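Each residue of the sequence shown is one higher than the one before, counting from 0 in numbering that gives the first Met the number 0.
Quick caveat, the hints were computed from the structure, so don't treat them as lab data. Bear in mind the structure is a predicted one, so any value in this text is a computation, not a measurement. Just so you know, even glycine gets a beta-carbon here, dropped at the ideal spot from N, CA and C. One or more hints might be untrue.
[What the hints assert, rightly or not] Distance windows between CB atoms, simulated: (1) Gly50 x Glu83: 51 to 57 Å; (2) Leu1 x Trp28: 36 to 42 Å; (3) Val22 x Ile63: 51 to 57 Å; (4) Ala6 x Gly60: 42 to 48 Å; (5) Phe62 x Leu1: 46 to 52 Å; (6) Met21 x Lys45: 26 to 32 Å; (7) Phe76 x Arg17: 48 to 54 Å.
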Amino acid sequence: MLDPIIAFFQRVFAAIGRGIGMVVAWFLWPFLAAHGWYRDRSWIIKGPILGVLLLLVIFYGQFIYRTQVWHGFDPAFVQAYKFEERTVPAGTA
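Make a model of the complete structure from these sequences and hints.
This is the structure in C-alpha cells:
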C-alpha cells in the first residue's frame, strides 16, 4: 500500500541528487580541463598559477578573519554619541 508513495519519494530524491551532481560537475569542469592543460607544463606556467591561487587563499582568509573576528568591539557604542545631550535634531547641520 505504501510502495507507490515510497517509490515516488525515491524518484524525487534521486532526481534531486542527479541535479546536484550535474551542478557540481558543471562547476568543477573548468578546473579539470585546466588541470589537463597545465599538468605537463613547466614551472614557468605552474608557478604564476600557484602564486595567484595562493594570493587568492590568503586574501580570502584575511577577509574571513576581518569580517568574523571583532576587533575593539565596544558594547557601549551607542552611549558614546550622548543623544540625550544633543540639542540639534538629527539630519540638520
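Q. Can you list which hints this structure breaks, lowest number first?
A. 3
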